[in-house]
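Keeping the supplied structure of chain A fixed, place chain B upon it in accordance with the hints.
2 protein chains.
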Amino acid sequence: MAKQTHPLDGVEVLVFDVFGTVADWRSSVIRELEEVGRKFKLDVSDNEWAEFADEWRKGYMINTKKVAAGGEGPKDTDVMHRMLLDNLLASERWSKVGTALDEKTRADLNMVWHRLNGWPEVVSALQTLKKKVIIVALSNGNLRLLVDMAKHAQFPWDTIFSTAMYDSFKPNPIVYESTLKHLSLSSTPQKAAMVAAHLFDVRGAAKAGMKTVYVPRGSEDTKEERESVKSKWEDKERGEVDLVVKDFEELARVFQV
Amino acid sequence: MAKQTHPLDGVEVLVFDVFGTVADWRSSVIRELEEVGRKFKLDVSDNEWAEFADEWRKGYMINTKKVAAGGEGPKDTDVMHRMLLDNLLASERWSKVGTALDEKTRADLNMVWHRLNGWPEVVSALQTLKKKVIIVALSNGNLRLLVDMAKHAQFPWDTIFSTAMYDSFKPNPIVYESTLKHLSLSSTPQKAAMVAAHLFDVRGAAKAGMKTVYVPRGSEDTKEERESVKSKWEDKERGEVDLVVKDFEELARVFQV
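Residue numbers (UniProt numbering), protein chains in the order written: chain A, 1 to 257; chain B, 1 to 257.
Calculated from the structure, these hints are not laboratory results.
Just so you know, these numbers come straight off a predicted model, no measurement behind them.
Some hints could be false.
Heads up, the list lumps identical chains together, so a pair's fine if it works in one copy or across two of them.
No farther apart than 27 Å at their CA atoms in a straight line, the calculated lysine-lysine pairs in the DSS-like style are these [unchecked claim]:
id, residue 1, residue 2
1, 191, 104
2, 104, 181
3, 151, 66
4, 104, 132
5, 75, 191
6, 132, 151
7, 132, 230
8, 246, 65
Bound-form chain A, shown alone:
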């Protein structure tokens, strides 16, 4: 009987998406919004703050994809987050918040994206993985944001790639190809695996020849997408990615053998 090979055999670099995949942006942002609400005694419920956070994030997803496809928009994520925040606060729905928040509060709140926390299991799992393979971040966030977040949340990256280095955003192909080049893996892209909670991201990586790991996270993709993604391993015909793991602990176990 032929020896069963694991789909990640030969992988020497794990490339991690950050927002949503490693960082639990949603609870981190909601918590700071609630703090702002208390400080300014705003009549906004926790549910409403969650919706505010979701709208802010949705604007980011739409705009980064637009710029990735060649459209107009800010290429720096601090600038983009601030533009989206100001637009939200100028909208009728959030006018009661907008009138209360001064410049200093907005500038500080905008930096919440630099101090997101990780999902509960990630720091320990990344430390384990770091002993076995190279672990890097590849995110649409600007480099300083990613460094600040890593220090805040103790993500032990070997190094960090920001798409700002390539003057674009994921899933533009240049992002994956350039990252492979800097990892000296252009001719052997299957030695790198993209780990993400977003189908668009693993699809972009697969087109560049990378292996792919999908991690369904409650705040990312749609419920339907999260539940339908199959690995080629478990379903040869309909499988799209190389591996699906429920969290980073499961991913770490793959490399523990």
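Structure of chain B alone, referenced to chain A:
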């Protein structure tokens, strides 16, 4: 009496040169050359191997500076190191080595630059510094080389910048300016300090508005240069850099207060 301010007050990012400043390339390379000599029973003395290492390194310094100034040459450091190695081995002086070394040995030896060790005090000092400020590498080495070296020698970088990201080498101004941009310090470059054992490197950083720390290392610059560099602090008229430290332990003490 006015409070004496330290020249590095306000610095939030330390940007380290790697070869020679953090890594003791010379003893690492000589050791592997000696191993090759023993393996192939070559009649080459330890002194000769040291000269071989110095010639290899000299070729790298000359060629990176040439490319930094807009000249022709390999932009990938693995390719450059290999070209220089092959040229050395084809020269009359080293023909007794060249005839002995096959392709596999050359390819492996070329990777010695990925597995350099640090100067004795650097790992501990960098760990201390990492708790106080952001510590990053900025090197002419390619990114994979720098990641491999960091894992091998346990350099705890927050992130790594390779000049390959900017398609150039130090001291081309684009290298320092782009690094400041990614650190979100373009308008406040004095919040970053370049730490290097090379005058050309601290001079390039100073032109971009960065603060500068010079670390004289026995294998770098000339003896005359190493002994003549003064800080503006100790010599207002002839001082060139912001600080001179004998090693990273002394640098770490600056941030311990």
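Honestly, which of those hints from before does the structure not fit?
-> 3
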